[in-house]
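Peer 1: Using the sequences and the accompanying hints, generate a full structural model.
Protein chains in written order, with the numbering used here: chain A, 10 to 513; chain B, 410 to 559; chain C, 3 to 310.
What you were told as hints is all true, and nothing was included just to trick you.
The calculated label-pair distances, taken between Cβ atoms and stated as ranges, are:
{"#": "1", "chain 1": "C", "residue 1": "Asn310", "chain 2": "A", "residue 2": "Ile29", "range": "55 to 63 Å"}
{"#": "2", "chain 1": "B", "residue 1": "Gly502", "chain 2": "C", "residue 2": "Pro271", "range": "50 to 58 Å"}
{"#": "3", "chain 1": "C", "residue 1": "Val278", "chain 2": "A", "residue 2": "Arg361", "range": "17 to 25 Å"}
Calculated directly from the structure, the hints in this document are not laboratory data. Backbone N, C-alpha and C fix where the C-beta goes; we use that ideal spot for every residue, glycine too.
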Amino acid sequence: MNFDAVGAAAAEALTLASFIGIGGGVLLGYVVGVIPGLSRSVAISIAIPLTFYMSPYIAISFLIGLSKGTAAGSAVSAILLNAPGEASSAATALDGYPMAKQGKPKTALQIGLIASVLGDIMATIILIFVAIPFARVALLFGPYEMAAILMFALVFIAGLSGGSLFKGLAAGGLGIFLGTIGLDNQTGLPRLTFGYTELMDGLPLIAVAIGTLALSEMFVQSERLRYDRANMAVTLEHRPDDRITWPIMRRILPTIFRGTGVGTFVGALPGLGPSVGSFMSYGMAQRAAKEPERFGKGEPKGIAASESADNAVIPAALIPLFGLGIPGNVSAALLIGAFAIHGITVGPLLLRDNPELLYSIFAGMILASLIMLALGWFGLMVFAQITRVPPHVVIPIVVFFCLAGMMLQGYGTFGLVILLGFAILGYLMKKYDYSFVTFLVAFIITPMLELNLRQSIILSRGNWAILLDRPIALFFIACTVVALVMLAWRSIRTGKPPAGAPAD
Amino acid sequence: MPRSDFWSGLAVVAFGLLALVWMIPNYAGSNPFAQMPPELVPSIAAWIMIVCGGIVAAGGALRMLRDRVAPVTVHIDWRAIGWAIWPFFYLAGAIWVLTMVKITWAGPILIAGMLVLLGERRWWMVLGCAVVPVALLYVLSVYLMRIGVV
Amino acid sequence: MHRRTLLTAAAIMALATPALAEWQPKRPMTMIIGFAAGGSTDIQGRVLARVLEEHFGQPVNVVNQPGGGGAVALTRFMNAEPDGHTFMFGVQLGLTFSPIVTQTEYDIDDFRYAGTLVGGQFGVVARGDAPYQSFEELVAYGQDNPMTYAQQLPMDETIMRLIADEEGIDLAIVPTGGGGGMAPLLLGGEVDFAFSGGTHAQYTPTGEMNVLAFLTRDRSPFYPDVPTLVELGYPYAMDDFRSFFLPGGTPDEIVQAFEDAARFAVEHPQFVEVTVDNTLHPIVFMDAEETEATIREIRAANEELMAN
Numbered sequence: 010m011n012f013d014a015v016g017a018a019a020a021e022a023l024t025l026a027s028f029i030g031i032g033g034g035v036l037l038g039y040v041v042g043v044i045p046g047l048s049r050s051v052a053i054s055i056a057i058p059l060t061f062y063m064s065p066y067i068a069i070s071f072l073i074g075l076s077k078g079t080a081a082g083s084a085v086s087a088i089l090l091n092a093p094g095e096a097s098s099a100a101t102a103l104d105g106y107p108m109a110k111q112g113k114p115k116t117a118l119q120i121g122l123i124a125s126v127l128g129d130i131m132a133t134i135i136l137i138f139v140a141i142p143f144a145r146v147a148l149l150f151g152p153y154e155m156a157a158i159l160m161f162a163l164v165f166i167a168g169l170s171g172g173s174l175f176k177g178l179a180a181g182g183l184g185i186f187l188g189t190i191g192l193d194n195q196t197g198l199p200r201l202t203f204g205y206t207e208l209m210d211g212l213p214l215i216a217v218a219i220g221t222l223a224l225s226e227m228f229v230q231s232e233r234l235r236y237d238r239a240n241m242a243v244t245l246e247h248r249p250d251d252r253i254t255w256p257i258m259r260r261i262l263p264t265i266f267r268g269t270g271v272g273t274f275v276g277a278l279p280g281l282g283p284s285v286g287s288f289m290s291y292g293m294a295q296r297a298a299k300e301p302e303r304f305g306k307g308e309p310k311g312i313a314a315s316e317s318a319d320n321a322v323i324p325a326a327l328i329p330l331f332g333l334g335i336p337g338n339v340s341a342a343l344l345i346g347a348f349a350i351h352g353i354t355v356g357p358l359l360l361r362d363n364p365e366l367l368y369s370i371f372a373g374m375i376l377a378s379l380i381m382l383a384l385g386w387f388g389l390m391v392f393a394q395i396t397r398v399p400p401h402v403v404i405p406i407v408v409f410f411c412l413a414g415m416m417l418q419g420y421g422t423f424g425l426v427i428l429l430g431f432a433i434l435g436y437l438m439k440k441y442d443y444s445f446v447t448f449l450v451a452f453i454i455t456p457m458l459e460l461n462l463r464q465s466i467i468l469s470r471g472n473w474a475i476l477l478d479r480p481i482a483l484f485f486i487a488c489t490v491v492a493l494v495m496l497a498w499r500s501i502r503t504g505k506p507p508a509g510a511p512a513d
Numbered sequence: 410m411p412r413s414d415f416w417s418g419l420a421v422v423a424f425g426l427l428a429l430v431w432m433i434p435n436y437a438g439s440n441p442f443a444q445m446p447p448e449l450v451p452s453i454a455a456w457i458m459i460v461c462g463g464i465v466a467a468g469g470a471l472r473m474l475r476d477r478v479a480p481v482t483v484h485i486d487w488r489a490i491g492w493a494i495w496p497f498f499y500l501a502g503a504i505w506v507l508t509m510v511k512i513t514w515a516g517p518i519l520i521a522g523m524l525v526l527l528g529e530r531r532w533w534m535v536l537g538c539a540v541v542p543v544a545l546l547y548v549l550s551v552y553l554m555r556i557g558v559v
Numbered sequence: 003m004h005r006r007t008l009l010t011a012a013a014i015m016a017l018a019t020p021a022l023a024e025w026q027p028k029r030p031m032t033m034i035i036g037f038a039a040g041g042s043t044d045i046q047g048r049v050l051a052r053v054l055e056e057h058f059g060q061p062v063n064v065v066n067q068p069g070g071g072g073a074v075a076l077t078r079f080m081n082a083e084p085d086g087h088t089f090m091f092g093v094q095l096g097l098t099f100s101p102i103v104t105q106t107e108y109d110i111d112d113f114r115y116a117g118t119l120v121g122g123q124f125g126v127v128a129r130g131d132a133p134y135q136s137f138e139e140l141v142a143y144g145q146d147n148p149m150t151y152a153q154q155l156p157m158d159e160t161i162m163r164l165i166a167d168e169e170g171i172d173l174a175i176v177p178t179g180g181g182g183g184m185a186p187l188l189l190g191g192e193v194d195f196a197f198s199g200g201t202h203a204q205y206t207p208t209g210e211m212n213v214l215a216f217l218t219r220d221r222s223p224f225y226p227d228v229p230t231l232v233e234l235g236y237p238y239a240m241d242d243f244r245s246f247f248l249p250g251g252t253p254d255e256i257v258q259a260f261e262d263a264a265r266f267a268v269e270h271p272q273f274v275e276v277t278v279d280n281t282l283h284p285i286v287f288m289d290a291e292e293t294e295a296t297i298r299e300i301r302a303a304n305e306e307l308m309a310n
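Peer 2: In structure tokens form, the structure reads like this:
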């Protein structure tokens with residue numbers, strides 16, 4: 010590492026302009042992330058025209074700060090309103106909302122923030138010191154390995170569904186089915202598009218995620234207003250025990266480390282994305298816990314696992330971007346565009362030709378994490394005031410932002426109709442206790458899994474022995490088998506009609 | 410909840426069957442070169458839905474038989490159902506309006522209408538909640554994103 | 003060079019001024035891009051929007067309508083007001099290819115074409131350290147070894163299938179999820195060679211990738227030594243250009259105004275820089291008439307190809 014360059018980079022990172030640029034990015038991202046319905050992609054579309062007027066270093070740090078801000082901000086609406094703005098924060102809501110309902114909204118927010126910031130900083134440090142020279146490791150993960158990992162993720166997360174296993178699997182089946190809509194990736198022929206041009210790229214993930222997660226929750230809550238108006242909202246009581254304490258911190262620290270590891274691994278592999286990371290991390294935390302049944306009922310580890318992985322994916326997705334020029338996920342792909350507007354081609358050449366810029370960006374990323382911690386910590390006081398707004402006022406505003414978020418994406422009326430369709434689906438799933446988590450994960454994973462399976466089958470030319478040269482793929486296939494066996498065992502054990510199943 | 414298990418399981422099976430006998434044969438397309446034909450994954454998904462939905466429905470039916478409850482409730486609380494589903498119709502109407510009017514103009518009315526329906530009666534509250542988010546969106550989209558869709 | 007470009011731009015502007023007097027936008031304009039924010043079309047489009055602001059004297063807003071490789075945007079754009087205030091900057095594939103394989107609501111006759119600005123560079127690439135450094139060597143190698151190829155569009159798959167049959171190559175063809183999916187497959191050594199719609203540009207300077215041949219009709223200005231397939235004796239080509247589209251029924255004077263705008267933009271240093279240096283596409287100018295003729299020509303060629 011070139012220390013002159015590092016010193017110069019640090020100097021540039023500490024100018025007033027960079028503070029304002031990065032801070033503005035984090036703040037904007039945080040606010041957009043907090044509003045359910047407006048997600049990371051909206052934030053980045055806002056940001057691209059803004060970055061025209063900035064220097065390359067500030068522009069890139071601004072964008073990275075923005076992504077980090079949305080990842081941390083979306084936890085707020087997940088915890089306080091049970092309306093996660095993105096699929097990757099859905100796992101946060103599973104424990105965050107129950108915890109907030111139990112009178113500890115501030116603790117939940119603080120756990121989410123600390124997990125976000127720690128996951129973020131650690132993943133950034135891994136990116137800087139370890140990963141770029143080793144970015145080539147990602148190339149060891151060819152189609153066989155990716156197919157095996159995705160298969161494992163699908164089976165593993167299917168086993169997570171809280172209530173009835175078969176209901177969860179049925180929801181997963183629906184997710185797989187809807188995930189296959191779109192153009193066939195080989196022939197370009199439409200599949201299950203029913204003649205609609207708009208469906209050629211598949212159902213837009215944003216519509217599916219906002220519909221099943223945020224909008225459907227508003228319908229559930231508006232129904233509940235009839236019966237339970239007095240005490241359905243999260244209330245902020247100024248309880249002295251409503252804050253994060255050292256014992257809680259000690260309990261969740263190992264989970265944060267594990268979540269960061271999972272998030273970094275998932276982020277470094279091109280294509281997987283933050284949702285897979287946060288659910289994998291949540292599942293692993295649950296498997297590793299001594300009392301797994303406490304998950305879903307306000308377990309601090311659940312929030313920590315999901316948020317740390319969600320945030321670790323963002324810097325980790327830059328590993329293949331800076332190391333190989335391959336974007337790790339959609340937001341990293343958007344960064345390529347931002348770089349290009351500023352006349353910089355991202356990739357291995359960047360480290361060779363322009364190391365100062367790269368180190369400045371790293372310094373900017375660390376600075377963004379610290380600003381996020383400060384903003385988030387004081388912002389909590391402000392955002393916690395959301396709980397003062399009665400739910401019947403929150404509902405119409407969130408509904409409006411969900412519609413507006415779709416309009417801003419440019420999907421038009423068709424997108425709004427799909428949004429409403431998935432809000433109805435999500436409402437029914439919540440009402441009849443079908444796991445929307447399994448549904449969403451199956452929907453996200455299916456297209457990638459199918460493509461990688463197809464590639465593997467064609468490349469192997471039907472020769473299964475080729476897998477013997479692929480230890481990583483074999484390892485994940487073994488994991489998948491283990492997960493399947495556990496799933497089957499669980500279904501046999503619970504297969505008999507649960508006599509006194511608590512009617513929730 | 411054996412009754413809701415039964416009916417929801419049945420609905421899943423029905424959708425799976427619909428996919429298997431109508432959607433996939435008619436709309437999945439074909440690919441003579443692929444080792445994994447395009448209808449393979451949707452068909453697997455349809456079978457998962459049929460099998461798992463079937464198990465859920467059967468479990469519900471068994472428990473209903475054991476507890477001797479009728480599969481259909483005699484008493485349906487129409488008012489409760491009405492309360493649960495009006496937001497969907499409200500939103501469908503709003504989407505229809507949005508095909509003609511820009512969200513900047515329709516937005517405040519959309520929010521205000523829903524607020525009143527949900528029981529808010531203070532006029533200043535309705536006005537503030539209707540105008541502020543739309544104004545925020547307007548600033549966001551017109552001045553920051555510089556797009557004219559809203 | 004810089005100075006000359008500016009001078010040319012000034013000269014073109016002087017030439018274009020009489021046409022401008024005929025039609026001018028009266029309010030802010032909307033430019034539709036059929037891809038999501040961040041892609042190369044989007045980046046070029048956003049810089050183009052600023053160049054057009056300078057040219058037309060009205061703000062130009064960019065609206066992304068992603069989906070179906072531009073087909074979604076074209077479907078919606080078909081019914082736009084033909085008054086020149088809404089226009090599209092897009093790739094031609096939505097017109098030259100999508101209607102062949104799917105039932106689209108639009109066709110070539112539903113639009114007017116007002117000038118081309120950017121050319122494509124579809125090529126066949128291999129790893130820099132592969133045992134073949136040219137297309138001939140690849141064919142010779144393939145006659146002795148089974149090979150794998152990563153496709154991105156049905157057309158390039160068909161072309162490679164035809165060549166493989168002709169040359170007796172045992173070829174397995176895998177689909178990729180676009181340029182981002184191709185790079186790991188090729189660099190990781192999973193496939194022997196691949197189609198590239200432009201991804202190669204950032205890997206050829208380091209020698210990680212080699213362009214073996216271009217599928218386009220003309221050689222690329224960036225790789226003057228790399229031959230096209232036609233030059234190598236295979237009668238197949240696929241090409242794509244980025245042009246201004248206007249709704250059908252747009253009056254001639256507006257088409258003329260956009261043709262002038264295209265002429266202005268391809269000389270504008272800012273647009274040239276983002277296109278050539280940053281998104282690595284060649285600047286290709288065609289007037290309205292030539293653009294439409296090219297689209298029809300490519301469409302006919304693709305239809306013939308897909309009939310195989």
